[in-house]
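> Add chain B to chain A, keeping to what the hints say.
There are 2 protein chains.
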Amino acid sequence: MKRSVVVVLLLSLVFALDAQTAKEEIFSDVHRSGGTYYAYPGPENAKLTPAPAGYHPFYISTYQRHGARFFLDKNDYANPFNTLKKADKLGKLTDLGKKVMHDLGSMLTLLEGRNGELAPLGVVQHAEVAKRMFTNFPEVFKGDAKIEARSTTVIRCILSMMNACLQLKAMNPNLTVKSDASIHDKYYMNSGYKEISALRKAPKVQAFMKKFDEAHTHPARLMGTLFTDRDYVKDSVNSGRFMRRLFTATSNIQSHSDQTTIDLYPIFTKQECYDLWTKNNLRWYIRYGPSPLTQSAMPFNQSRLLENILTTADTCVVNKGNGATMRFGHDTYILPLAALLELGDCGKVITDPDLVANEWRNYKIFMMASNIQLVFYRQLGNPDILVKALLNEHEVTLPVKTDVAPYYHWKDLSSYYRNKLAKFKSNFNWAQSDKSN
Amino acid sequence: MKRSVVVVLLLSLVFALDAQTAKEEIFSDVHRSGGTYYAYPGPENAKLTPAPAGYHPFYISTYQRHGARFFLDKNDYANPFNTLKKADKLGKLTDLGKKVMHDLGSMLTLLEGRNGELAPLGVVQHAEVAKRMFTNFPEVFKGDAKIEARSTTVIRCILSMMNACLQLKAMNPNLTVKSDASIHDKYYMNSGYKEISALRKAPKVQAFMKKFDEAHTHPARLMGTLFTDRDYVKDSVNSGRFMRRLFTATSNIQSHSDQTTIDLYPIFTKQECYDLWTKNNLRWYIRYGPSPLTQSAMPFNQSRLLENILTTADTCVVNKGNGATMRFGHDTYILPLAALLELGDCGKVITDPDLVANEWRNYKIFMMASNIQLVFYRQLGNPDILVKALLNEHEVTLPVKTDVAPYYHWKDLSSYYRNKLAKFKSNFNWAQSDKSN
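Protein sequence lines correspond, in order, to chains A and B.
So the first sequence is numbered by my numbering: it starts at 1 and just counts up by one.
So the second sequence is numbered by my numbering: it starts at 1 and just counts up by one.
These aren't lab readings, by the way, just hints derived from the structure by calculation.
With beta-carbon atoms standing in for the labels, derived distance ranges:
hint: 1; chain 1: A; residue 1: K47; chain 2: B; residue 2: Q379; range: 54 to 60 Å
hint: 2; chain 1: A; residue 1: K178; chain 2: B; residue 2: I183; range: 26 to 32 Å
hint: 3; chain 1: B; residue 1: T402; chain 2: A; residue 2: T176; range: 42 to 48 Å
Every beta carbon over 12 Å from chain A, so not counted as near; a handful from chain B, in silico:
hint: 4; residue: M209
hint: 5; residue: H216
hint: 6; residue: R287
hint: 7; residue: D331
hint: 8; residue: G381
hint: 9; residue: E393
Every residue, glycine too, gets a C-beta built ideally from N, C-alpha and C.
In isolation and in its complexed conformation, chain A is listed as follows:
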């Protein structure tokens, strides 16, 4: 009797945690508001459900984003830095404003010559993801397991791949690792369809996002803390744009938490972080997610990636061996892929933009070093293959019925996905017949 009470209490706690709003989650860890800049902390409270009796994992198929990285463009620091520097020359900065200027200057120095590169933290992240993958599914990596590793041709992805593979090799030196990073694989690793991508450029979509951005940017308080002269700000600073740029710079600094003690989050209130995140989150939902504003077509930009996952899995299911196919890429591919796969809530179509923040949260999907793992299980003498999906190492639901959740029958799932792709292909209004760019 006592034990069941404890179980009920614990379950309530779990549901309470699950039921946190985005605002609560961001208020409890403001780094989440970074969205695409959120530095993957590893899975939190992740429990893995044991496989049905007699089933063993033998194959993992992944898409993984590179780890923490340096900014792609030095202007991401330089723009807000220059705004502050100009004001400083005119004596218009508060002490806090001066401190922020110096901090941005230090970040610019750290970035020098390293634009877009994998940060030291990114190396650690990928080694840790690989280590947990091996530890969680040792049967996949045992003996003479074969690892097919593929990266886009972007160096931060290649080095992410290298560090993941080094970790696996250290845990089983007999692993065979075949790696590549070739334009040859671009068509599925990091590509899309121009007809689909064009949807996000529609004037209606642009106007909507601009309006939403402005409605969720409230710079007055922040300006008052950084600048001494309200009239100067009014006349000489584009406050909304400056605040958004400063927030982006702030968000990225978490990728360098092992290189610097600089932290600009304290200059924002948690509410401001939440507000700025909501507009970024919606922007990603519209531009890369299943938003009806872009005809819920964006996820299908990753049709070839899904086809590659289906085809390689079918090949590996037929083969007797064990191993993994690991793909290393970018946010703009892993996010639509998660939606296309309908992992958990990733594919949810939400009409009311104000509801998106609570029903679809980008920081759960595509942070630095984020990863999707499809884990395949088989039973001796049984042709029925099971699969389960991990999104950032948490079990998630898949879009077909199952009697063994969170495990799904591969034959059901693969035919669901193939039908889904075929239906979209025949229904979508393609401008060109070859469907490629």
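Leaving out everything else, chain B in the frame of chain A:
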């Protein structure tokens, strides 16, 4: 008595082998005529001299060229292919000409989308070099050895680095591997000085090379085997250029020996291969080697690379640990570096161009996956560090006196190199004061 006769006979044999001319070496293995395209077969008959008593290796510093690769430019196959195709349409090809055309067509297909990429053979080459490095010097890689691996930002070099490191990690999972491939390191990894590079563009140098090229290209026999119509060849084919291009294509195919059975060497006589090699060899000697025609200045283009080697070695000598600094780059850097280090005959200044072929042979220096290893030794309680140099895994001489050859005293060697660099810097006619490009 008998034994000493055998020893004398064996020694004579060794000296006879050593005394082979370039022509004899190329006639015994025509792949050597590929020069920069020569696919590193691993060390042949390499014997490593045991260290003086009490000395143990603790650090290795390398510069390694990427492994076998696909052509950088599809025109390297397409140009000779198109010459043959045009002739074929006019019915001007022999059966052999048609076969060569089809073979080049197949190579073009193999290359599709893979320009400049590491070939499968390159992966194997780097794993094997790393394996031998570990096996030859296990004390360097034991325990918690630290590997600092650096690559240029070119993907074939990064993947070469990855495969070398995977091999080392498999042999000692406790190794720490720190890797990078950043523009940040370009100044020493793959860079030069514009004032030095400009020397090779001097009209006198260009004219000399053109004349030498033409004097060593004899296309008449080959043309007769590929084309049916001598007048057509005379009117419509630039025979010398065509032959040189066909030879380049032929040379590169050895990088794909595990992917194709195509081999175009049989269409050339060995003498033709040797002739074409002599002109390529001299070209490399003048453009990247210590040729007096380019003021013997070319090796100094790699001054910063040598400075990096000296400085990192000095740091590692001071540290108590063991490990390696491994650098992965290109032919145009490893060749001048070998000359600057004066490894064996690499730095030899030869005035008579006809003597270069026998005294300086590029296929001994910078083939695919070629490597320079400086191996450092220490003795407990003795500050005198010894070093020996391996060029493609063969022991070579270094430019200072020693009482323990092939081991050299690091203090003598490093001060020799530092003086050499300082002297060149102060004597060379720099157009600009900052000495960088």
